[in-house]
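These protein sequence lines map, in sequence, to chains A and B.
Residue numbering for the first sequence follows this note's numbering, starting at 561 and increasing by one per position.
Residue numbering for the second sequence follows this note's numbering, starting at 112 and increasing by one per position.
Some hints here could point you the wrong way.
[Unchecked claim] Think about it this way: if two alpha-carbon atoms lie no more than 20 Å apart in a straight line, the pair counts; the simulated PhoX-like pairs of lysine-lysine are:
no. : chain 1 : residue 1 : chain 2 : residue 2
1   : A       : K737      : B       : K301
2   : B       : K301      : A       : K719
3   : A       : K1042     : A       : K737
[Said to hold, decoys possible] Per the computed footprint, the stretches of chain B lying under chain A, defined by three or more beta-carbons under 8 Å from a beta-carbon of chain A, are:
no. : stretch
4   : 252-263
5   : 275-288
Calculated from the structure, these hints are not laboratory results.
Source: prediction; values computed, not measured.
All residues carry an ideal CB built from backbone N, CA and C; glycine is no exception.
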Amino acid sequence: MYLDYMKESIKKVEATREKRIKETFPKLKAEEKQELLKNYHPDYKAGTVREIKVGVNKGDLVVNEIADILESYSYLNPENFKYENVDYDVDVLIIGGGGAGVSAALSAFEYTKNILLVTKLRIGDANTIMAQGGIQAADKENDSPAIHYLDVMGGGGYKNIPKLVYTLVNEGPKIIKWLEELGVMFDKKEDGTMITIHGGGTSRKRMHTCKDYTGMEIMRVIRDDFFNKRINYLEFTCAIELLTDEDGKCCGAVLLNLENGKILIVKSKVTILATGGAGRLHVQGFPTSNHYGATADGLVLGYRAGAKFVYLDTIQYHPTGVAFPEQILGQLITEKVRSLGAQLVNCDGEQFIYPLETRDVVASAIIRECIKGKGIKTLSGYGVWLDTPLIEILKGEGTIEKELPAMFRQFLRFGIDIRKEPVLTYPTQHYQNGGILINENCETNVFGLLACGEVSGGVHGRNRLMGNSLLDILVFGKRAGKRAGELLRELPPIKKLTLNHLITYHKELKEIGIDENRKSPKILPDYRKGEFQKKLPFLINL
Amino acid sequence: MKEIKIYVMGKEYLVPEGLTIMQALEYCGFFFVRGAGCRGGFCGACSTVYRKKDSFRLKVGLACQTKVEEGMYLTQLPFYPANKAIYNIEELSYDSQIFIKYYPEILRCIACGSCNRVCPQDLKVMEYINAAIRGDVKKVAEFSFDCIMCGLCASRCPAEIVQYYVGLLGRRIYGRLIQKKAKDLEKKIKEIEEGKFEKELEELMKMSIEKLKELYEKREIEAE
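Only chain B is shown next, with the shape it has when bound in the complex (with noise of 0.2 Å):
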């Protein structure tokens, strides 16, 4: 197997061509305690900030999900000191201030749009900082929606905000003060509470497997 150069925080090793930077780094026998979490792309905790040789332009990833190239320098940023507002959702009510109250610094947005260029998830941080500062709740929930609260976007931020708390309490807001009720649940709860479908799961429950069997294989399937 073809052999690539990378640097690790500055020293030279050599791994495998087509590890991931998480791969290739245990490759070299560093063992993970921090920088390490689903190794599936989905809890944030391996950012990895990489340059090529010879070029000054400073690119992200998450290690579990990004090919070691030729030539990388990589460091990862396991933690980052971040502030979070703290709240009781119960008591939240929405007005277009909200996000201003609870995290004042996002007004210091200069729209540079660093948080854009480094987010592994290509959302548009950016544009729901702004929306933010507007109190646009459906855009900082719906442009958040897909982030990993790797913490990428804060630690690039010259305003110093901490984008992915925002997009939590838009989201939260939006979840539970915008997006309507869903009324079938309201009402599927009231009758288990009023002990609708007690008998019918009591029999279940008391069922012989043979019999459990038969209702089983003859269950109506809901159409697609």
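Same shape as in the complex, but just chain A (with noise of 0.2 Å):
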């Protein structure tokens, strides 16, 4: 239910209805694009990013959010860790249980059964299953993986690394092939052709869908065949550091489970970072969509271990997070919303942007339409009108429920009926544009450690695109479990286990004085009231 002050701006915005339907607001030139994203987009306000202070990385820019939990000691004491009791001695450690930790799963199970996956919420618990929007791949007549390529590219800010979207796009078509062998059910007409509709960014309408449930679909699909496999599982059991051998390579993790407190070490061959993103370190306070267990953890891990990583410095926020109501302030809303139809207007029933620009112009023309006075007071800050209503005019009468059974009915339980009213949008912190520095093989620098899906960075750029991220994790996911089985062969022995990595990084936060206090990973956020948030119960015995 709408506050009577919003009611009254709804008029306006039903009023200029009308008008707008005919009404394309133009797109930007290149130049004014620069501009709008230089005084307004998050990533470049003074003061919130820094250099680096240790690390492989030193002085390279990051997120201050980022670089706190970079900048901290280990839970362990490498000094004086009892490694004589192995848990698990697997061939391949799966670390992060979302769409690219379970499709690197399925690919590794071809060649070997000795597989661990470990996560610290459930299979599944992730970013993918709230991905609603699509997955891009070029495989219809009109488009093809150049197409795709050189939309990826001007999307990223052309800072993406072109061998890694190089294997994104030529692989995309591939990916839905699979998917639909799986039992994806997308959107398809009755001859079988895909019902595809553009993003933000897109040059060709290669948006696969299901309804506005496609991540969850997806997910729900391949947790299933994971299951079928009956690979081994871990789950509530999140990895704290990795375990790295004399000559430095990676050999395994330790681990902590999250109900008891108990310290599991694996031993493995090859190592997968499947950890995804970092929406809940709530980078400069904003709101996230992101899922409750994204805490950047393989970062931290992975950096350690020394890892090396691009793009730490720009977050994307998407720009449609929910601004009201409050209780569920910041989760999604589609960009599918936009692809259907529905334009942004600010409080006076004005559009300020054309809806399908890429997500860091739109998503700095709302917060500027806001400081210039135009948008909507929410409880805790600003939002701009995004006119859902237009959808059922313009597509007709049933598509909203029809299309985007999700976000209906998320409104509906707090009174508002989006197929009347619009809705009220502010940017939330959607993704971790960067991450550890992967090959096409999703090979770090640090000998069998992989990384792939949100935590690994180079292929979106500066800038993801909408449905590139489902992409990357299916198509890096499955490449990661692939080249891990084929490393069985390839790496040499595992030496001694050790923690000699910690060593030196712990020497190097001393030297700059870090507090000791200060720990990570973050594991899980704390959201309870300020005197209940001491230490996290299964952190009790570290």
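Got two chains here, separate frames each, mind docking them using the hints?
What follows is the structure, given as structure tokens:
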């Protein structure tokens, strides 16, 4: 239910709707976009990034909140850690149970049955399951991997690593085929033709959808296949450190059972980091669209073991997070809403940006509008209108219930019928554009350590396009699993398990005077009322 | 801010009005290891059963999507010991008995409608279980599509059916065997494998940023 003054503003939105139906807001020129980003994108705000003082990327700019967890001590003391009791001795250890981790497991399974997947929540409790908008792949007649390539590069500010983009776009159609064969129910015409739509920054309609449950449908299916293969897994168990051998090669991980605080040691020939993103660090205090466990643990683990990263000074803010009601603040309003024709309008009912510019540009325009005083006040900030009733006018009555059932349901629970009333929206922290640097086979610069999905970086440059993340996690997830399988024959045997990398890292931290009580990874965010925010229960013994 | 009284597993707490159940539990000092997942209504980790004071009627909701109300008695169901059939999707072929083969317990359905009443997504669960008994894959797939697999239906089923796994089996059969295959897709994969786009891609990969920018700004955009 909207507040009275919001209803007044809705009247203005309704008054201009008729006129706006025929109105296309002009797309911005390259220089105009640059200007807008520089002035309003949160990445450019002074004092929000800093040079990292330790580790292999020393001197590189990193978002403050990520720098904080990188410049922290381990929960473990490398000087007196006991390595004798190895709890699991496996070929491939996969850390993370979202789309990337599960697809890595499925393809590694073709090489070995001795796999262990660990995740700190349940398998599938990940950003994958929340991806509503769709998955890109250049499979239509008028499209090609080359056209997709150009879209990705332009969206990423031309900073993307070409070989990674090549791999992403070239394998897109094959991934869709794989999903089709696994039984993913894509939106199709009677004759089997995929129904595809535009996303922000696409030049062809190549967004494949499963209503607005695309990520959920994909996750449900690959997870089912994972269970059918009876691959070993541990839930509610978090990797808190990687292990290296005397040569610095990654050879396993130290896990923490989050239910009883017990430490477990895994020895593995190959380790795959698939830990996802960083939304729950709440960069610059933004709310987030991310799941509960998105605390960038993998970055911390990989970095301490010596893995390099790229572009950790840029975060993607999804332009349309929920701004009202407060209970679901920051949750995602999928880009598909704009793909279907909803416009962004200010408090006077005027458009101010072409709705399908890239995410960084649209987010900046919304922030500018609110700073200019053209936003609508909410309980904790501001928002602009996303005019959803337009969809029913443009695409016919019933479109919202058919195409956006998740969103329709979500707002209805709070008394807002998005078929009849617009929704209030403001940017939300959505995606970690950068991450651990990988090559096209998901190898990091640390032997025995692979990475895939949101924890990795390079493929999306400095700004990811909608629909390329679901593609990324599956393309590179599968490649990581395959490469792990191949490496089993190539890598030299593991020497003694150590935490030597930690000894060096802790020394560096001490030298720059970091407080010894500052520890990471974060594992889970603590939203308890202030007085209860003490040590997390599973950290009691550490 | 106005405070309201809620009862967490029977114990009384005062919380500010307007919070979701999940936020209210955290406000009271509970820390989630289980029982919280996506916090956005998609993962089904936070199923909650509650009733209002002086009412016998049990209600359900997702803790991350439901507001607390005065006098709510609540508890979470973070796990349900459900049985999932094991199959190899590549070896499945469709026949009208397929659901009965993997989940024979569906025949025990007494059509009580409990599953429909507890579904937080308001799905017609009982209808798709009946469709499964008849072997109507399309109906199973379409009626169960919005399922978040929270397990509330199974928790209330007197016939011990695990409805959400029946739906999943139906959707996979439908997506794999019943929906027609995308023809454009086959063709494009063949073209990629034949190397049709290699030369163009290689040129793009070597191209200077200036030239890429020029191409990008000039690129043709498919009409709506």
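Outcome of the hint check:
1. Taken as a hint, the K737 of chain A and K301 of chain B pair is honoured in the structure, with Cα atoms around 12 Å apart against an allowance of 20 Å.
2. For a cut-off of 20 Å, the pair hint linking K301 of chain B to K719 of chain A is broken: about 30 Å separates their Cα positions.
3. Among the hinted pairs, K1042 of chain A with K737 of chain A is consistent with the structure: their alpha-carbon atoms are about 18 Å apart, no more than 20 Å.
4. Given a C-beta distance limit of less than 8 Å, the hint that chain A covers the stretch 252-263 of chain B holds, as 5 residues qualify and 3 suffice.
5. Check result for the stretch 275-288 of chain B against chain A: holds, 8 residues qualifying (beta carbon to beta carbon below 8 Å, three or more required).
Checked against the numbered hints above, the structure breaks only hint 2 and satisfies the rest.
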